[in-house]
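Participant: Please arrange chain B on chain A, whose structure you already have, making use of the hints.
Listed here are the chains, written in short residue letters.
There are 2 protein chains.
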Amino acid sequence: MYVHTPTPAQQEKQSNIRSAFFISDGTAITAETLGKSLLSQFSDVEFDIQVIPYVDTPLLAREAVQRINNAYQSSNLRPLVFDTIVSDDIREIINAADAHNLDIYEGLINRIATEINHKPNPHTGMAHSRVDSDDYKARIDAVHFALDNDDGARTNHYDGADIILIGLSRSGKTPTSLYLALQYGIRAANYPLTEEDLDTSQLPRVLKPYHHKLFGLTIDTERLVRIRQERKAGSRYASLAQCQEEQRAIQAIYSHQKIPSLNVSEMSVEEIATRILQITGLKRRIGV
Amino acid sequence: MYVHTPTPAQQEKQSNIRSAFFISDGTAITAETLGKSLLSQFSDVEFDIQVIPYVDTPLLAREAVQRINNAYQSSNLRPLVFDTIVSDDIREIINAADAHNLDIYEGLINRIATEINHKPNPHTGMAHSRVDSDDYKARIDAVHFALDNDDGARTNHYDGADIILIGLSRSGKTPTSLYLALQYGIRAANYPLTEEDLDTSQLPRVLKPYHHKLFGLTIDTERLVRIRQERKAGSRYASLAQCQEEQRAIQAIYSHQKIPSLNVSEMSVEEIATRILQITGLKRRIGV
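Protein chains in written order, with this note's numbering: chain A, 101 to 388; chain B, 101 to 388.
Not one of these hints is a red herring.
Any copy will do: because identical chains look the same in the list, a pair fits if it lies in one copy or spans two.
Distance condition first, Cα-Cα at most 35 Å in a straight line; then the derived DSBU-like pairs of lysine-lysine:
1) Lys313 - Lys332
2) Lys313 - Lys237
3) Lys383 - Lys332
4) Lys237 - Lys308
5) Lys308 - Lys358
6) Lys237 - Lys332
7) Lys383 - Lys358
8) Lys313 - Lys358
9) Lys237 - Lys219
10) Lys219 - Lys383
11) Lys237 - Lys383
12) Lys308 - Lys383
13) Lys383 - Lys313
In short, the hints are calculated from the structure, not lab data.
For reference, chain A alone in the conformation it holds in the complex (with noise of 0.2 Å):
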């Protein structure tokens, strides 16, 4: 192990946060991943986190390492790294470095080989969908579709969409629809529930023929008002008493209507995604 004695401007310097390092011959994105999911169980333990993509020639390896030992100097306490390198010799070379390496990807590869009896065939960066497939395709049409048919932009394309998010204004409903894109190449159109829409327990007009097609998303009054009041400070439109009326009158309407919802006050937008999919029975269009 390392013995590293600081001076005192060093001591002086040091942070007592522990690094850790996410390292890939790739993005990185498994890495980082992986790595911030096992490092949230630890909540109340501030890490410096560093993520190194791309390392993929030895010199990139040894800049690395440098960090790493770097990292361990000015703090004293031995980073973490976590890397998803293919390449044996990279891999080497991070290994030397003075850190506590979970090298998951080698053992669990090894252990997964041993399983199903298969050698693997190493190599890097195949873990998403390339210009040049159909799953990067079906992305970019989801994507450009949900552009399209964001906030009410069209109606008359909702033939062609897998679903179509409702709910009021910064109910999430735009991030939502561009995440199913990216991420599953869902075509998801959505439309704002206007004051006028909510007059009635009625569906507008143009919603009425897809309504197999509707999801709502809501939130809570309180935090409508909050970023209303961000927006409009003062306004009616923002007001508590406005707010309330627009949350009974949709509820009314998911209600009478039967239309699923989620309330997304506490979820990112990773979560509503996957419990849509989840409540719907939605199928991806890519990635399984």
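Facilitator: Chain B in isolation, oriented as in the chain A frame:
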């Protein structure tokens, strides 16, 4: 180990494709990202992938076990299970399935706990930024920025852009802008260089003040021709000669104006986005 004696009808149904289950008490995005990345290292093996998110009750866990066991029975191949379940009780139920469980999470969390000498605080679904967080606001603001500034729609908000992607039409600018927004909270505008813009080796007037924010995307000419043929078969716009001319012109602009650029022909959206961060040194607004 489970011993299965299939009936003749079952035998006929056997696909000899091994199932892989990605299971979580949250979105299952972490389990899926890691699992797919690992399985992609066995590129000549086919897997039947099943994602089961939100397994957060014993009942749902037993249903998942049933699905795993059914997969074993119908294929005669022991399924692989990648789970990121936090609760010990739920994980125990899943572990009882007739499967090879790689037990990623528990093993790694225990190793981290030992290394940092700190107990974990087990909880679910903290890997993504919630609706009420600053990170979430940054993402959403970035998504709306990308939408408002897509495809050169507006050019008077470039002061607020972190980056302005330029390139020929359909070179991946829009999905890259949205990915940068959703994943990293980066405000990316995009501007298509059209035939008129390419007449000189000068930048369009609206881009000149933002030279330092420009980043060029390029794709191979034959791919450009193919994409354009799909959109407008037989047109001059889609002809080899026209595409070659535009490619020559845009390369001249990148070169004369010293604009960093990236050939994205072989890349996924994820790779384009992470390469741009690497090349430009642009900092994420969220995530790290």
